[in-house]
Structure formats: C-alpha cells, structure tokens
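Colleague: First to last, the protein sequences are chains A and B. The opening residue of the first sequence carries number 25 in this note's numbering; numbering runs sequentially from there. The opening residue of the second sequence carries number 25 in this note's numbering; numbering runs sequentially from there.
Take these hints with a grain of salt, some might be off.
Same chains, same names: a pair is fine if it fits in one copy or spans any two.
In silico DMTMM-like links for lysine to aspartate or glutamate, alpha-carbon gap of 25 Å or less [said to hold, decoys possible]: (1) Lys102 <-> Glu173; (2) Lys75 <-> Glu109; (3) Lys247 <-> Glu82; (4) Lys231 <-> Asp149; (5) Lys98 <-> Asp170; (6) Lys231 <-> Glu218; (7) Lys209 <-> Glu173; (8) Lys207 <-> Asp235; (9) Lys55 <-> Glu103; (10) Lys55 <-> Glu173; (11) Lys98 <-> Glu173; (12) Lys118 <-> Glu82; (13) Lys207 <-> Asp264; (14) Lys55 <-> Asp186.
If you are wondering where the hints come from, they were derived from the structure by calculation, not from laboratory data.
Okay, here's what each chain looks like letter by letter:
2 protein chains.
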Amino acid sequence: MKFGRAFERSSTSDKGEFNTAMKAILGFKPKNISWYQRAFTHRSMNQKDEKGNPLNYERLEFLGDAMLGVIISKHLFKEVPNGNEGYLTKMRSKIVSRQHLNELGKELQLNTYLESKIGPEQFGDNIYGNLFEALIGAIYLDRGHDYCERFIRMRVIDPHVDIERLEGKVMSYKSLMIEWCQKQKKDFHFEIAEDQGVDDRPHFSVKFTIDQRVVSRARETSKKRAEEKAAQRAYYAMQDHINASKNG
Amino acid sequence: MKFGRAFERSSTSDKGEFNTAMKAILGFKPKNISWYQRAFTHRSMNQKDEKGNPLNYERLEFLGDAMLGVIISKHLFKEVPNGNEGYLTKMRSKIVSRQHLNELGKELQLNTYLESKIGPEQFGDNIYGNLFEALIGAIYLDRGHDYCERFIRMRVIDPHVDIERLEGKVMSYKSLMIEWCQKQKKDFHFEIAEDQGVDDRPHFSVKFTIDQRVVSRARETSKKRAEEKAAQRAYYAMQDHINASKNG
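In isolation and in its complexed conformation, chain A is listed as follows:
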C-alpha cells in the first residue's frame, strides 16, 4: 500500500511503471490512463478536477459494480439455460459477493497501486473488492463493454466461476480429485495414520500427495472424513490449476 504519495505518479518514470503494471493486470494497453489513475486514488488524496468535482475511485466503483453484474448475468444466462430468474440471481450474488471480490483484488495485489494519505492499517479487506470494481469501471469508460467482458472473463469467470461448485453439487472432493489426477496422469496417494494425539477418541491423520508432493493434510475421527477433508483442502488450494486444465 503506497501512501503519503510514496507512489508519486507525477514523475515520468513512475508513470511508466504504473502504465506497465496496468497493462499486465488488464491484458491490454489502456488508452486513457487517467481513468485507471482515478481508480487507484483514495479520497484522502483530495484530488479534484478543474470544476472542483472529486477524483477518486468511489464513483468508478458504482459503475464497475453494475458492469460486473451484466457480464456475469450474460455468462450465467448462456451457461445455465434451464436456470430460472431466481436461480440466476442467487448464482450471480454468490459470484459477485464482497468476499469473492476482495479475494480477486488481493490476488491482483491492487492495493500496491493505491495512492492514499491514510495508512494501510485503516483499510479493511473491502478495499480490495472496491478497487477491483473501480478498475472495471475504468475499463468501461476507457475501452467499453467488450474489453470489460474480456477482462472479467480472464480474471473472474475462467479461473473462478465453477457453476457446479457454486451450486454445491460437488458431493465428494475425494472422487473429484482422484478423477482429475487420473485424467492428468498424475500419481496420487492418501497416506493414513492412526493418531490418538491428546484426544480421547482415536483420530486419523491423512497426508494427500500428488506426484510425491504433499498437497494437503487433515485430521478427523474417521478415515473417510479425513480423506474427504484433505481432498477438499487440496481442491481449494489447486482450483485455479484444476480449472485451467479443464478449460484448456
């Protein structure tokens, strides 16, 4: 988090650095960089245009939120042809949940580019989601609908929107992981050990390895539960990778 103008965009070299960073995040070259600068300007900077109107990310957030809603709606409309309005609305709100948007913003480390006069300790986690929405608003004004769709597809839909998982239809993470390993021709192994530990009841520890690498561990009161938990943890840790291989 750059604050107190540590990230001074008025110098030519830092401007170049910001442009380069945006290009990497967006997957295309911005036309009018000032929209993106605004998307990373906190209100504490007190920036205004020549007419005294505030220049910070808050209004862009309003716009980006609406645009994100449209693109996700269109995706769901096409992907789930038998889902009714209520279902589509529920799925959309799961995808654009505050928590999910915060994760997306964190993943892209959007805080790195924020100009602010207040310190990082004063921001909650919502700063990530807010910046993510503002960035979409900036794309919309800079390049229009189709570039927003492209960006949201690349950063949200392709890596994260797994309709079956959102529906809670994944019944067994163990079979999901086994199926994936087999398809990918990877060795996998659930190594189980009885482990009383400090508890009264017997416990089972599981180490889940893929290609001889430990990807997750779990400890439960039954072998079955321990394996399922380890598989679920592995799935969550590897889901980008798993989805990428599904789509590719």
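Given chain A, put chain B in place with the hints provided.
Modeller: Leaving out everything else, chain B in the frame of chain A:
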C-alpha cells in the same frame, strides 16, 4: 393482450407484422428475431427448446434488468460529476423503479405483442415493466451493448430522465411552464373560475392554455394550488416535447 394464440406468429403474415412492430419500437432492424419472440412469450405458452429448456421472457428480464442498470449508471456518472456513490445509487433506483418501468412498457403498449395462454385480467401492471426489461435483454443478446445504449437513450433517458425533476428540485411547475413558454415564445394563459360544484367549500377551476389550446385542467380549494396542479399536469403531458426543445 393477445392470448390463446390469437397473435399467431407461425403464419408468415403475422411474422412480418411482428418484425415491423419490433423495428418501430426499437428504432433499428432486429438481426435474430427469435430473441424478441422469446421476450414476448409468456410462460403459460410452455414453449421449450430442443433440450427442454424453457423459452419465455423471464430469463431475458434478468439480463435486461442488469443492462438497464449499467446504461443508467453510465449516464448518471457522466451527467452528475459531483454525485457520490450513495447519490448515484439513489438516482438510479428512482429511474429504474418498478413503477417507472411499468409506465415505459405501457407507453410502448408492449402487452400487444405478448403471446400468452392466460387472460389479461390475470396480469398485474408489472407485466409492462417485465416486458420492457425482457426487451432490453433481447437487444443485448441480438445486437450487443451499443444498441442497448441507443435504445435506452431513445426510450428512457432522452424523454424521461430529468435529473432536476428526479432530485425533486422543481419547486414550482407553474414557473417552470411559464419560463418554458416565454423561451419558446408561446402565448399562455391560466383561466380561473370559482366553482362551488357539489362541495361545501369554494373550489377553483383552472384551464391552462398554450397558444389558445387547452393543455390541462385542475380543480382545487385555492387558486394557487389549482394553477400549480394544472401546470404540473401540463408538464407531465408535454415533457417529451419540453425536454426535446431543451436538448435541441
């Protein structure tokens, strides 16, 4: 309201009629008419695609609602550069209110094109707003974002979105109308008559004429209130015309 397949789109002449009607409403020629047919198909028709997925306007409504939100958000973002997120959100919900959407759908007589097996007496007023949203969803899928923007501009923003009025800043419709008449060099006259009628208290009737044509009437217990009411009625009746002359 056509129901019981009174509006039979399977015959060639009625298909042509539907296409012509759509073109008039949309202001452009549809590419894939089937989206618009779906936008005017009620669930009672029980239409399905080859995979058994329902074909009616409800899912398009979900999409159109989101798209309408984006276009109105963009308009407000640009038109009100000093409005904060809360203000923009409030204004947007005024514009896309259920009541307003119903009025828009009624104005375009969208019910005329609806295929339904249940009778008009079973629909509430919301059918108009629902069809209006579904129509926007159909435009989005048929022609994309820019055509939606064009349509929403033509049918919603230009004729109906008066930010000052939405803000409740119009304090007096009488002065608004007088100002407009003076600018347009039109004769105007408030003709007042005391009119006891069947009431105990004295009432005042007002006839508001512009260029010798009666544009509205009102009846109230004070002269001032009667004039204001007549002016407001004139404003609502003539707002397309008034806004067009403001913009032109």
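Colleague: Give me the numbers of the hints this structure contradicts, sorted from smallest to largest.
Modeller: Going through the list in order, the structure violates hints 3, 4, 7 and 14 and respects the others.
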